[in-house]
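J.: If you want the building blocks of each chain, they are given just below.
4 protein chains.
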Amino acid sequence: MLEHEDENDSSCCSIDGAGRKSHHSDKVKNSLISRLNRIEGQVRGIKGLIEKDTYCDDVLNQISSVQSALNGVGKLLLEHHLKSCVIERIQEGDSEVLTELMVTMNKLIK
Amino acid sequence: MLEHEDENDSSCCSIDGAGRKSHHSDKVKNSLISRLNRIEGQVRGIKGLIEKDTYCDDVLNQISSVQSALNGVGKLLLEHHLKSCVIERIQEGDSEVLTELMVTMNKLIK
Amino acid sequence: MLEHEDENDSSCCSIDGAGRKSHHSDKVKNSLISRLNRIEGQVRGIKGLIEKDTYCDDVLNQISSVQSALNGVGKLLLEHHLKSCVIERIQEGDSEVLTELMVTMNKLIK
Amino acid sequence: MLEHEDENDSSCCSIDGAGRKSHHSDKVKNSLISRLNRIEGQVRGIKGLIEKDTYCDDVLNQISSVQSALNGVGKLLLEHHLKSCVIERIQEGDSEVLTELMVTMNKLIK
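Chains as they are written, first to last, in numbering that gives the first Met the number 0: chain U, 0 to 109; chain D, 0 to 109; chain V, 0 to 109; chain P, 0 to 109.
Chain U on its own, in the form it takes in the complex (with noise of 0.2 Å):
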């Protein structure tokens, strides 16, 4: 088995009847939920300006730096995946994993 990472830091992948599962460490689910409530914040946040009638250019700035946050949780969201469903797949012997991540790579390369 490879060795993937600190335990704290990890991730790995299991398969029930309802599907399949991703399983965090408690440190990575922490990590991506609070990045999200910001985004989440963000968002609101950028409701607000609109409602009063913020000068449209600062509200794009702000919409851009959501879009850079949301870049970043499915960069730390694909790095968690690659080192855990990823290598767990092809060491059962399912390349199957690979044109999954494919169709999904196709969708967040612009």
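Just so you know, these hints were derived from the structure itself, not from any lab.
A couple of the hints might just be wrong.
Chain copies aren't distinguished; within one or between two, either way the pair holds.
Below, in silico cross-link-like pairs of lysine to any residue (SDA-like), each with a Cα-Cα straight-line distance of 25 Å or less [to be verified]:
id, residue 1, residue 2
1, Lys26, Ser67
2, Lys28, Ala17
3, Lys28, Asn60
4, Lys51, Glu78
5, Lys51, Asp15
6, Lys46, Gln90
7, Lys28, Ser64
8, Lys74, Asn60
9, Lys26, Glu78
We have chain U already, so just place chains D, V and P on it with the hints.
T.: What follows is chains D, V and P alone, placed relative to chain U:
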């Protein structure tokens, strides 16, 4: 004065002591706000997926769809900015608006 | 007439029987052409890497750098377009230029 | 050993004194090279447009189409990288390939 667009669908720009403002018609404002409401809900949804150990690839696809939705809001706002603030400031002889716009474009065009 | 920029660094727009033209100063034209020469060389270089069975990851990194260089050319050209054609056509009362610009922005902002 | 894909359409990875190599089938190599030839021609074409004072908006659209073509080459190469080097190195117990891949993904996902 340039004919911008149909009254219900237009925005205009003003400046007061507190700085520049962008006034969107109710129709434009509602469209922006309802899109942002949906995005806020999607971000909350992604948090829920992570909390329930949803398979990473499914979550990555949700993130990609939020990015597209956010992109849509940015483009809608950019269009109204061009057809209100940018036109008005250029007609007032204030080309500074284009330098400002280029700084923002550099962030939106990755 | 708006003061665009320093004479050497400016562009302007004209229209004749064959349609619209964009006249860049020699300085701007040379900058665009030399960047494009480098990009052309980089693309040729990538072909060479593939022909010599270079490791994919190294080639992917070269592709990413060409994308950034191309992005730079696009942004430089956009800036000159804004500060010449867009300003001039708005001052002539022709807001159609902004609808045209938005169509192009939609392609550049992915 | 995983069944990658049909022999004509596959790539594989090797390492020698000079470092890692990626060996693509003739079919894959020709596809990559012919796409890059077209891109090289497009870049040359854009230079010609600028030299002939072509309207900026037309040139910007050409730049956007070269970016899409280059994106296509990147994705094709990424797919072959995943289905050759990445699988092979993971099966050899070398998860370093995923850390390397993530560095490259961070550049491609903007």
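J.: Please go over all the hints and tell whether each is borne out by the structure.
T.: Verification of the hints:
In this homomeric assembly, Lys26 and Ser67 come within 25 Å of each other (Cα to Cα) only inside a single copy, at 22 Å, whereas the closest approach across copies is 28 Å. When the C-alpha separation of Lys28 and Ala17 is checked against a cutoff of 25 Å, the pair qualifies only within one copy, where the shortest distance is 21 Å, while the shortest distance between copies is 41 Å. Taking the shortest Cα distances, Lys28 and Asn60 sit within 25 Å of each other only across copies (18 Å), while inside one copy they are farther apart (28 Å). With identical chains, the CA atoms of Lys51 and Glu78 are at most 25 Å apart between copies only, with a shortest distance of 19 Å across copies and 39 Å within one.
Proximity of Lys51 and Asp15 under a CA criterion of 25 Å is satisfied inter-copy only: 14 Å between copies versus 49 Å inside one chain copy. Taking identical chains as interchangeable, the C-alpha atoms of Lys46 and Gln90 are never at most 25 Å apart, the minima being 46 Å within one chain and 29 Å between chains. Taking CA atoms no more than 25 Å apart as the test, Lys28 paired with Ser64 passes in both settings, with 22 Å inside one copy and 21 Å between copies. Taking the shortest Cα distances, Lys74 and Asn60 sit within 25 Å of each other both inside one copy (21 Å) and across copies (12 Å).
When the C-alpha separation of Lys26 and Glu78 is checked against a cutoff of 25 Å, the pair qualifies only within one copy, where the shortest distance is 14 Å, while the shortest distance between copies is 31 Å.
In this structure, the one hint that does not hold is number 6.
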